[in-house]
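Chains as they are written, first to last, in numbering that gives the first Met the number 0: chain R, 0 to 334; chain B, 0 to 308; chain L, 0 to 345.
No wet-lab data here; the hints were simulated from the structure. Hints should not be assumed to be uniformly reliable.
[Unchecked claim] Lysine-lysine pairs mimicking BS3-like chemistry, simulated, CA-CA at most 30 angstroms apart:
hint	chain 1	residue 1	chain 2	residue 2
1	L	K295	L	K309
2	L	K295	L	K341
3	B	K155	R	K294
4	B	K121	L	K78
5	B	K55	R	K192
6	B	K48	R	K40
7	R	K192	B	K48
8	B	K262	R	K192
9	L	K81	L	K7
10	L	K148	L	K202
11	B	K48	B	K262
12	R	K220	B	K6
13	L	K201	B	K121
14	B	K2	L	K148
15	B	K262	R	K294
16	L	K129	L	K197
17	L	K309	L	K332
18	L	K124	L	K81
19	L	K129	L	K148
20	B	K2	B	K27
21	L	K81	B	K121
22	L	K197	L	K295
23	R	K192	R	K222
24	B	K6	R	K192
25	R	K192	B	K83
26	L	K7	L	K201
27	B	K121	R	K43
28	L	K121	L	K201
[Claimed, not checked] Covered stretches of chain R (in silico footprint by chain B; criterion: 3 or more residues with CB under 8 angstroms from a CB of chain B, positions within the stretch not fixed):
hint	segment
29	33-40
30	196-210
[What the hints assert, rightly or not] From chain L, some residues computed to sit far from chain R (all C-beta separations above 10 angstroms):
hint	residue
31	E1
32	A287
33	Q300
34	D321
Yeah, the Cβ is synthetic: ideal placement off N, Cα and C, and Gly gets one too.
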Amino acid sequence: MADTKPIAPDAFAPAQVAETAKEQIAAPNLTFSQDALRRLKQNKAAVISFWLLVLIFAAALLSLVVTPHDPNAQNLNYTYLPPKWGNLHVPFFDGYQNGIDMYAHNQVPKGTYFLLGTDYLGRDLLSRILVGTRISLFIGVIATLFDLVIGVGYGIISGWNGGWVDTLMQRVIEIISSVPNLVVVILMLLVFKPGLTSIIVAIAVTSWITMARLIRAQTLKLKDQEFVLAARTLGESSVKIAVKHLVPNLSSTIIIQTMFTIPTAIFFEAFLSYIGIGLPAPTASLGTLLNDGQKALQTQPYLLIYPAIVIVVLMLAFNLLADGLRDAFDPKSAH
Amino acid sequence: MIKYILKRIGFLILTLFLVASITFFLMKLLPGTPFNNPKLPADQLAQLKAQYGLDKPAWQQYLNYLWGVVHGDFGTSYQFTGQKVSYLISSRVGPSLQLGAQAMVVGTLLGILLGAVAAIRKNSWVDAVATIFAILGRSIPNFVFAALLQYFVAFKWGVLPVALWEDGFSSSVLPTIALAMAPLANTARFMRTEMVDVLSSDYIELARSKGDSRWQVVARHALRNSMIPVVTIIGPMAVDLMIGSMVVENIFAIPGIGEQFVKSITTNDYPVIMGLTVMYCFMLTVVILIVDILYGFIDPRIRLSGEAN
Amino acid sequence: MEEILAVKDLAIDFATYAGVVHAIRHVDFHLNKGETLAIVGESGSGKSVTMRTVMGLLANNASVVSGTVQLAGEDVLAKSEKALNEMRGNEVAMIFQDPMTSLDPTMPIGKQVAEPLLLHTKTTKAEALKEAVRVLTLVGITDAQSRLKDYPHQFSGGQRQRIVIAIAIINHPQVLIADEPTTALDVTVQAQIISLLKAIQKKIDTAIIFITHDLGVVAGIADRVAVMYAGKIVEYGTVDEIFYNPMHPYTWGLLEAMPTLSTVRQRLFAIPGTPPDLLNPPQGDAFAPRNPYAMKIDQEQEPPFFPVSKTHAAATWLLHPDAPAVEPPEEIKRRKQLWAQKEAKR
């Protein structure tokens, strides 16, 4: 026997075991959302992405109040000035191009700098990027809101009703999704005049399909669960059940899908503006900036590269955060 | 199985009919035609309208259009006078299909490889690299990627043609890479999650307990089981490729249907837009149909239950 | 009797996000050639982890803290990956709990059954398939020849478990680990699988480790029983010793919780409480918080094994010479009376 400790005389007296100690659950008990939040916080990429997005949103909102220069002010004397960061003489940001100080060459007054350079109309790129980011985000968020209302509504109605309503609604979805969604967006933009509203509407009208499908699948699952059956037995109206019982249980699906839809909408806007049927000039958006940049790519690559960096970082942050949210809320399903 | 395929083909025809009709009426709603030039004399305008059948009532135009579509005739282009839309499409579909096929093959094969390796070496540096690849592939808009490739690889580095479709295969390398990025990223991500799932399944543990080594388990059991579901994302990837081709062909000045579509939009060449919309829809539905049938054939569970029905 | 497997002082930790889980806390047991050892315990008691260690199939986040696993005289824990691959499916094979998920859904069953043979012996494919037919027939798959090309989903749950058994025995392993092989099956099928395992054991002369949480199944198949609780073995003995002369209050609880025909009771007994948190195992006896017979020493010091007979020992302070005599539950008293009668007859 390995016990070396001397045994105390009263050691064999009955122990006092509190009743509560028996039933104590050993592991710390976390609610579903606490657990999800813990998993999300562990995902470094998602946390960094979240703060990046906060930063980008803040900068974009700030552009409502103040920008380094007037984003739409044209000055043909300042055409295609390279980036210059004051008098810091940082390589690539010193106002030189092909060994020539373009600022001196264009007789730009001392103290006037364009941190990211200027475009073919002498407009400040940084200011246009700030404003353009705001407009792209605006389009992304508003289109996603529409998409959310249509998609969630459609999904719940289709899944909840079942039967022929469901069959019909699913056939409609199948037909719509047999046309590439951007083709539909393009057709819609041909009918309505290109502009902020029509772009938002066109994107919203085509992108709700995924949301509707996911919500329908979830609704079908929830429909047969005890708490919903109980509510139905108690005679609650369908609308009330949908709002009180379905939507809260669908919330994680909705949040995750929303996070995936926003970057898609931003991409659509950029794509449309890039091929020339998006926002009309002189409105700046990430798409129009990329379009302008592409035209001068071979001589002024920075005009494409900086807006490209912004859109890539934006898409990256949204995608990483969405991935993180999905993993956190639903660690089992990956798709 | 045959009944199922016939049913699907029936639905495909119905879909195409609806898409053709909706597109037609959308185009009718459009403000004006390319003949809205006020300088055009009235008699010449009337002659043009007669030539394009625009003087007839809308329902008759619609029937004519449908009749034409059934016979593969999508009317005549406004922009290229006298050019048949069907000719315009058929003469340009080749490069697009070649690019699309190349991008699809390169993307899915590399994606499967990358995803599989990432799953096997989960949480290693390979996994990290694959994850970064996949997320970048999803986050960089294809036109940005294409433009950067063109600038850095073709223009600055000078190893491949900057644009055009004249140097045979080497002209197709950069556009293929630009197009393949999205399917590569999607496949890699999908494959990784499938494979991670499969690798933690009971039958893999059983295979290990039989004496399969790590690599034998992958080669004999895990790879096939995780590759089968990848077939299901070919449809969405085809959409990505069609959309991607519009900008990528434009950037690299490739005479394909994507480039034609964008050009027709900017010149309001409605017959071509209509024809290409139907064409895209046709290609997509055919791809989805083939994928569904293929899936039934490679998954024994579906194949055999299909026979039983 | 010759020992085929000996596990000594085995301790295994798992690294999890919440901290280190001490899943196996110093386990000793052995298995003789040709016998059946049942390891009984509730979920999470460490039965399966112990078996995966014997197979060399531990998860990545597991680490062996101490101990040895001797299989046919060789230390499994010291084996290279290659040696482990050679051992698995050859010297030791495993039957899994859920037959619905343990077969590759996209591979014909003939190929799956023949695979261990092709891996470990120099057999041609045709010969291996022939042998597969023989083994499949042995485990009770009728018309095996014509079903070689069938896929798992074309078989019922019971049939699939027979196929899993065929895979395990095709190489005549010396040790067969059955990890709850009947839990996922219907009761009638359970009995069939148990008698199949017994028949096979006779035929190929293999030792079986039978893992279960159901003592009822044990009586029909095991020679010896080890009871596990919270990562430790708390009592072991022959099947008669465990069923009729149990010493550990946890074994009492398990036996009381088992429905029997001879007792007429209104309600089934359940052991109160839940198993302890193995992140921070409690001081003293892990079972103490749920033990109605717990003494002060149980809360301070882990009990060592007190031998009851040559084959029987239990880790409970109740067996200490200074411990007061306690009154076991009615059901256990009844069993012990039967035991005493049997002993008297000898």
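Verification of the hints:
For a cut-off of 30 angstroms, the pair hint linking L:K295 to L:K309 stands: about 29 angstroms separates their Cα positions. Distance hint between L:K295 and L:K341 is unfulfilled; the C-alpha atoms sit about 35 angstroms from each other, more than 30 angstroms. The suggested pairing of B:K155 with R:K294 holds, with an alpha-carbon distance near 16 angstroms, which does not exceed 30 angstroms. At roughly 24 angstroms between alpha-carbon atoms, B:K121 and L:K78 fall within 30 angstroms of each other, so this suggested pair holds.
Our distance criterion of 30 angstroms between C-alpha atoms is met by B:K55 and R:K192, whose separation comes to about 26 angstroms. Between B:K48 and R:K40 the alpha-carbon distance is near 65 angstroms, which puts this suggested pair outside the 30 angstroms criterion. Proximity of R:K192 to B:K48 is assessed by CA-CA distance (about 24 angstroms); at most 30 angstroms being required, the pair is judged to hold. For the hint linking B:K262 to R:K192, the alpha-carbon distance of about 18 angstroms falls within 30 angstroms, and the restraint holds.
Pair hint L:K81 plus L:K7 holds up; C-alpha atoms about 23 angstroms apart against a cutoff of 30 angstroms. Proposed proximity of L:K148 and L:K202 is supported: the alpha carbons are some 27 angstroms apart, at most 30 angstroms. For the hint pairing B:K48 with B:K262, the CA-to-CA distance comes to about 22 angstroms; that is within 30 angstroms, so the pair holds. Only pairs whose Cα atoms come within 30 angstroms are accepted, and R:K220 paired with B:K6 is accepted, the gap being roughly 28 angstroms.
Our distance criterion of 30 angstroms between C-alpha atoms is broken by L:K201 and B:K121, whose separation comes to about 43 angstroms. Between B:K2 and L:K148 the alpha-carbon distance is near 26 angstroms, which keeps this suggested pair within the 30 angstroms criterion. Simply put, B:K262 and R:K294 have alpha-carbon atoms about 16 angstroms apart, close enough for the 30 angstroms limit, and the pair holds. As the CA atoms of L:K129 and L:K197 are separated by approximately 24 angstroms, the hinted pair is consistent with the 30 angstroms bound.
Pair hint L:K309 plus L:K332 holds up; C-alpha atoms about 22 angstroms apart against a cutoff of 30 angstroms. Taking the CA atoms of L:K124 and L:K81, the gap is near 23 angstroms; set against the 30 angstroms cutoff, the hint holds. Taking the CA atoms of L:K129 and L:K148, the gap is near 13 angstroms; set against the 30 angstroms cutoff, the hint holds. Distance restraint check for B:K2 and B:K27: the Cα-Cα separation of roughly 38 angstroms exceeds the 30 angstroms cut-off, and the hinted pair is therefore not satisfied.
Under the criterion of a C-alpha separation no larger than 30 angstroms, the hint pairing L:K81 with B:K121 is consistent with the structure, at around 21 angstroms. The straight-line distance between the Cα atoms of L:K197 and L:K295 is roughly 44 angstroms, outside the 30 angstroms bound, and the hint therefore fails. Among the hinted pairs, R:K192 with R:K222 is inconsistent with the structure: their alpha-carbon atoms are about 42 angstroms apart, more than 30 angstroms. Our distance criterion of 30 angstroms between C-alpha atoms is broken by B:K6 and R:K192, whose separation comes to about 39 angstroms.
Simply put, R:K192 and B:K83 have alpha-carbon atoms about 28 angstroms apart, close enough for the 30 angstroms limit, and the pair holds. Between L:K7 and L:K201 the alpha-carbon distance is near 28 angstroms, which keeps this suggested pair within the 30 angstroms criterion. Pair hint B:K121 plus R:K43 holds up; C-alpha atoms about 17 angstroms apart against a cutoff of 30 angstroms. Taking the CA atoms of L:K121 and L:K201, the gap is about 26 angstroms. The hint holds against a cut of 30 angstroms.
Taking a C-beta to C-beta cut-off of 8 angstroms, the segment 33-40 of chain R contributes 0 residues in contact with chain B, too few for the three needed, and the coverage statement is violated. Here the segment 196-210 of chain R counts 0 residues with a CB under 8 angstroms from a CB of chain B, which misses the bar of 3, and the coverage is violated. Distance to chain R confirms L:E1 as a non-interface residue, since its nearest Cβ pair spans about 28 angstroms, more than 10 angstroms. Against chain R, the non-interface label of L:A287 is violated: not every CB pair exceeds 10 angstroms, the least being about 7 angstroms.
Not every Cβ of chain R is farther than 10 angstroms from the Cβ of L:Q300; the closest lies at roughly 6 angstroms, contradicting the non-interface assignment. L:D321, annotated as away from the interface, has a beta carbon of chain R within 10 angstroms; the closest lies near 6 angstroms.
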